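Residue-level listing of the chains:
Protein chains: 2
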Amino acid sequence: MMRLQEAYEELVRRMREQTLLSSCAELLGWDELTYLPPGGVGHRAEQQALLAGLYHEKATDPRLGDLLATLEGSDLVADPDSPAAVNVREMRYAYDRLTRLPRDLVEEEARLTSVAQQAWSVARANDDFARFRPWLEQVIALARRRAECLGYEAIPYDALLEDYEPGLRTRDLVSLFDELRRELVPLAAEVGDARRRDRAAVLRREYPLDRQRIFGEAVASELGFDFHRGRLDTSVHPFSTLIGPGDCRIATRYALHDFGDSFFSILHEVGHGLYDQGLPAEHYGTPMGEPVSLGLHEAQARLWENTVGRSRAFWRHFFPRARQVFHESLHDVDAEDFYRAVNHVAPGPNRVRADEVTYNLHILVRFELEVAMIAGDLRAADVPTAWNEAYQRDLGITPPSDAEGCLQDGHWGDGLIGYFPTYTLGNIFAEQLFAAASREVGGLEEQFVRGDFGGLLGWLREKVHRHGQRYRAPELLKRVTGAALDSRPLLDRLHRQHRELNEPT
Amino acid sequence: MMRLQEAYEELVRRMREQTLLSSCAELLGWDELTYLPPGGVGHRAEQQALLAGLYHEKATDPRLGDLLATLEGSDLVADPDSPAAVNVREMRYAYDRLTRLPRDLVEEEARLTSVAQQAWSVARANDDFARFRPWLEQVIALARRRAECLGYEAIPYDALLEDYEPGLRTRDLVSLFDELRRELVPLAAEVGDARRRDRAAVLRREYPLDRQRIFGEAVASELGFDFHRGRLDTSVHPFSTLIGPGDCRIATRYALHDFGDSFFSILHEVGHGLYDQGLPAEHYGTPMGEPVSLGLHEAQARLWENTVGRSRAFWRHFFPRARQVFHESLHDVDAEDFYRAVNHVAPGPNRVRADEVTYNLHILVRFELEVAMIAGDLRAADVPTAWNEAYQRDLGITPPSDAEGCLQDGHWGDGLIGYFPTYTLGNIFAEQLFAAASREVGGLEEQFVRGDFGGLLGWLREKVHRHGQRYRAPELLKRVTGAALDSRPLLDRLHRQHRELNEPT
Numbered sequence: 001m002m003r004l005q006e007a008y009e010e011l012v013r014r015m016r017e018q019t020l021l022s023s024c025a026e027l028l029g030w031d032e033l034t035y036l037p038p039g040g041v042g043h044r045a046e047q048q049a050l051l052a053g054l055y056h057e058k059a060t061d062p063r064l065g066d067l068l069a070t071l072e073g074s075d076l077v078a079d080p081d082s083p084a085a086v087n088v089r090e091m092r093y094a095y096d097r098l099t100r101l102p103r104d105l106v107e108e109e110a111r112l113t114s115v116a117q118q119a120w121s122v123a124r125a126n127d128d129f130a131r132f133r134p135w136l137e138q139v140i141a142l143a144r145r146r147a148e149c150l151g152y153e154a155i156p157y158d159a160l161l162e163d164y165e166p167g168l169r170t171r172d173l174v175s176l177f178d179e180l181r182r183e184l185v186p187l188a189a190e191v192g193d194a195r196r197r198d199r200a201a202v203l204r205r206e207y208p209l210d211r212q213r214i215f216g217e218a219v220a221s222e223l224g225f226d227f228h229r230g231r232l233d234t235s236v237h238p239f240s241t242l243i244g245p246g247d248c249r250i251a252t253r254y255a256l257h258d259f260g261d262s263f264f265s266i267l268h269e270v271g272h273g274l275y276d277q278g279l280p281a282e283h284y285g286t287p288m289g290e291p292v293s294l295g296l297h298e299a300q301a302r303l304w305e306n307t308v309g310r311s312r313a314f315w316r317h318f319f320p321r322a323r324q325v326f327h328e329s330l331h332d333v334d335a336e337d338f339y340r341a342v343n344h345v346a347p348g349p350n351r352v353r354a355d356e357v358t359y360n361l362h363i364l365v366r367f368e369l370e371v372a373m374i375a376g377d378l379r380a381a382d383v384p385t386a387w388n389e390a391y392q393r394d395l396g397i398t399p400p401s402d403a404e405g406c407l408q409d410g411h412w413g414d415g416l417i418g419y420f421p422t423y424t425l426g427n428i429f430a431e432q433l434f435a436a437a438s439r440e441v442g443g444l445e446e447q448f449v450r451g452d453f454g455g456l457l458g459w460l461r462e463k464v465h466r467h468g469q470r471y472r473a474p475e476l477l478k479r480v481t482g483a484a485l486d487s488r489p490l491l492d493r494l495h496r497q498h499r500e501l502n503e504p505t
Numbered sequence: 001m002m003r004l005q006e007a008y009e010e011l012v013r014r015m016r017e018q019t020l021l022s023s024c025a026e027l028l029g030w031d032e033l034t035y036l037p038p039g040g041v042g043h044r045a046e047q048q049a050l051l052a053g054l055y056h057e058k059a060t061d062p063r064l065g066d067l068l069a070t071l072e073g074s075d076l077v078a079d080p081d082s083p084a085a086v087n088v089r090e091m092r093y094a095y096d097r098l099t100r101l102p103r104d105l106v107e108e109e110a111r112l113t114s115v116a117q118q119a120w121s122v123a124r125a126n127d128d129f130a131r132f133r134p135w136l137e138q139v140i141a142l143a144r145r146r147a148e149c150l151g152y153e154a155i156p157y158d159a160l161l162e163d164y165e166p167g168l169r170t171r172d173l174v175s176l177f178d179e180l181r182r183e184l185v186p187l188a189a190e191v192g193d194a195r196r197r198d199r200a201a202v203l204r205r206e207y208p209l210d211r212q213r214i215f216g217e218a219v220a221s222e223l224g225f226d227f228h229r230g231r232l233d234t235s236v237h238p239f240s241t242l243i244g245p246g247d248c249r250i251a252t253r254y255a256l257h258d259f260g261d262s263f264f265s266i267l268h269e270v271g272h273g274l275y276d277q278g279l280p281a282e283h284y285g286t287p288m289g290e291p292v293s294l295g296l297h298e299a300q301a302r303l304w305e306n307t308v309g310r311s312r313a314f315w316r317h318f319f320p321r322a323r324q325v326f327h328e329s330l331h332d333v334d335a336e337d338f339y340r341a342v343n344h345v346a347p348g349p350n351r352v353r354a355d356e357v358t359y360n361l362h363i364l365v366r367f368e369l370e371v372a373m374i375a376g377d378l379r380a381a382d383v384p385t386a387w388n389e390a391y392q393r394d395l396g397i398t399p400p401s402d403a404e405g406c407l408q409d410g411h412w413g414d415g416l417i418g419y420f421p422t423y424t425l426g427n428i429f430a431e432q433l434f435a436a437a438s439r440e441v442g443g444l445e446e447q448f449v450r451g452d453f454g455g456l457l458g459w460l461r462e463k464v465h466r467h468g469q470r471y472r473a474p475e476l477l478k479r480v481t482g483a484a485l486d487s488r489p490l491l492d493r494l495h496r497q498h499r500e501l502n503e504p505t
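Protein chains in written order, with our numbering: chain A, 1 to 505; chain L, 1 to 505.
Chain A with its partners taken away, still in its complex shape (with noise of 0.2 Å):
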């Protein structure tokens, strides 16, 4: 019999061994977004079908079933809390489920996918469903395999799930999401635009594209970022990804006439780059250096997106450096126009560009039709109409094209089926993260307002990020919050800050 703590360093050289070549896989995919030029994109396919190849052999090593048969149950993991323990279980966990999918299913992903995005992205250029439509039934059918293969305990949905949120179940969502839907369509039909003047048209002024980028960067790294262990890039949709501990990358796109849509982008990837710059460096490569799920990533983004970063207390410390930086647009402009300008109400179509209390409608939409596609009850030629039904019955308007309507994101033709719902997750988890650092920090407004951000992070740091992968998402919130999922926290904070925004000035 093999002796424990060798079994075990041979596991984490194992595991350590596929992040690094997946972070390898990360830069190509970093390259891709950023600096590519256009005629490399055929070779670098061809770098990442290798990878992921070699990963996933690796990945799949009966050794690893070997060395993690040996380790279950012994002393080693003992303790449920130690990073052996915890290592063994996601390990494990990781293991079982790649293991359940057949290799022709893995390659008949990845190629469908970077052909299935090819074709939505010319699908939307020229506002025709009908070219992505086989590809979007390719790729529905394909999840449906990939649900069977992997298993699921009341319907296929919660294994498309279950790779975004593990434990997560789709009743689960469904029961959360009606009571966002009962109680988010009514506020924001009440303080919608329709009712008083464009607050935004200050964030649509001329914002020259060099100075917001040393605004946001200034911003930044004010928050915590560390660009000594990170870049900020340009590209054409803004992102974050981590590419190895001391490197973990951001990018966003600048418009000039847009000061919103890169400023909210660069702190959303701050809080995605905040969390993996936390993350301890000492279990790189294994499960406990890993971050806990999709959804709790996504509160650290919508943390600081929103809850940080469209409070009043953030826009009266930044908005006199604003001012200065853009002086020509922002003269006549003071912090609380700023700040009600960046809390603007407007259902429109574009999720992306969609305001806080809209932006949810937007996510229940898509999951109610991913739902009903994976069940077989919608065809992908219906999802058109299914789509803009929806849109009218939630946030009372029907998108002007299909470009503009159901193919506005690409997560579909990348083959995601199950990702949509983390970002709700992510903005309820993020609420009721925060509202438990007020309790516990105290006095973060007053914080915010003289510039000092760095009790929050701390608090962050201490109670998420430096856990890794120790607790599962819905044990880490109870732990940190004392309670499982609740919309409350979310929904008390966007009614009392959008009533108080909508009193007569």
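It is worth saying that the hints were derived from the structure and are not from the lab. Source: prediction; values computed, not measured. It cannot be assumed that every hint is accurate.
Pairs of lysine to aspartate or glutamate residues, derived as DMTMM-like cross-links and limited to a Cα-Cα distance of at most 25 Å, are as follows [to be verified]: (1) L:Lys-58 to A:Glu-107; (2) L:Lys-58 to L:Glu-72; (3) A:Lys-58 to A:Glu-282; (4) L:Lys-58 to A:Glu-17; (5) L:Lys-58 to A:Asp-104; (6) A:Lys-58 to L:Glu-26; (7) A:Lys-478 to A:Asp-79.
Keeping the supplied structure of chain A fixed, place chain L upon it in accordance with the hints.
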């Protein structure tokens, strides 16, 4: 017995996979020199070590030996110039060399160079050779061990040369370099700047960085560098790298008061890039799709940088544009002044900034010292003295410090012994190729004056680039120029050009 066609297809598949893997490492290397945040350096070294290990595993897989043995001598490789024969020949060559290197040596080399490079950088910054000495000793010791593993005909240095310029022997270089020294030392003394006013002062006026980049990109594009399939970035040291077909990247640095440094670096790297962009993409991943040798690659760079880029015809075409772009600095200068400025000869301690006449003397010194170190005739501790003596003897100067003397180049810290001679080889090849192109294409100067560089590039594509490794360097040279390696064309052009420039104006 394996069927031949199947065996060949498997061989090609394996070659391509190796190249794909090393192309991932190329991208990581590019990023390291351009965008990597400082905190990511350690992780990057681990990523590179992993990829190098995976590469070595694939490249020394005994299955390759079996496939090669099956194919060698078969009908499939009967025509020695056919892609199959070339690929089998070069794969055999690479396989035999790699399998002669024990894994512990390869790993020790990787480990040593990453720390020796660091030590070199600190030693240079502190002008403290003693800090680098122990690492240089280890580099030499490993290089000697490498030579013993690889085997050689006459002396160990031959084995190291073979890594960079297959087929070339030390004794050939000694006589070639003696010939150069015999003529270049007196030429440098004759036309060197001690005798006349500093014509190059104009290059040290103010050249705004951004305009240098724009001008450099415009020239690169006009010479034929395809930005759809490539990029130009900023780095500490100029370099070029081929990530894959359709993705060739060059980089340079910019200094406000040094036009020549970035501009000729761009031309140099563009020359490398044009070769890479001209390789047959359909053979990518196999020797048929790869450059012949380092010397021949360098020749492409030198040809565009010097033979073309320092010609009167080139500046008759580009100077008017330069004067527009840099009006403040060039309004009182004409094309002829500028042509003279970029050809100013001034012996100095620095290789990278050296003029064309003295450049090769810098290489000769390094070659002489390397050969002596590998032969055991020169100890690392004695390098500074030997270096300074050789500089006094050949260039008539003594470097003011080791930092500006024997510590100026990073090659030895990188473990590269046997690499330097390829720079001078490149100059010689370049001039032989250009002389042949002049004869065959005809009217090149007039074409350059018109801004037409397609004739020369087309000839290089046809005669050199598209062949990949079909021929080894000596044979290619013979087929293309009708001659063996010959320094006469280079020496003749330098004499002619610099004597004419030296005539009183």
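For each hint, the structure was consulted:
1. For a cut-off of 25 Å, the pair hint linking Lys-58 (chain L) to Glu-107 (chain A) stands: about 21 Å separates their Cα positions.
2. At roughly 20 Å between alpha-carbon atoms, Lys-58 (chain L) and Glu-72 (chain L) fall within 25 Å of each other, so this suggested pair holds.
3. Restraint check for Lys-58 (chain A) and Glu-282 (chain A): satisfied, since their Cα atoms lie roughly 22 Å apart, inside the 25 Å limit.
4. A C-alpha spacing of about 17 Å is found between Lys-58 (chain L) and Glu-17 (chain A), which places the hinted pair at or below 25 Å, so the restraint holds.
5. The straight-line distance between the Cα atoms of Lys-58 (chain L) and Asp-104 (chain A) is roughly 23 Å, inside the 25 Å bound, and the hint therefore holds.
6. Pair hint Lys-58 (chain A) plus Glu-26 (chain L) holds up; C-alpha atoms about 22 Å apart against a cutoff of 25 Å.
7. Using a Cα cut-off of 25 Å, the hinted pair Lys-478 (chain A) and Asp-79 (chain A) holds, with the two alpha carbons roughly 19 Å apart.
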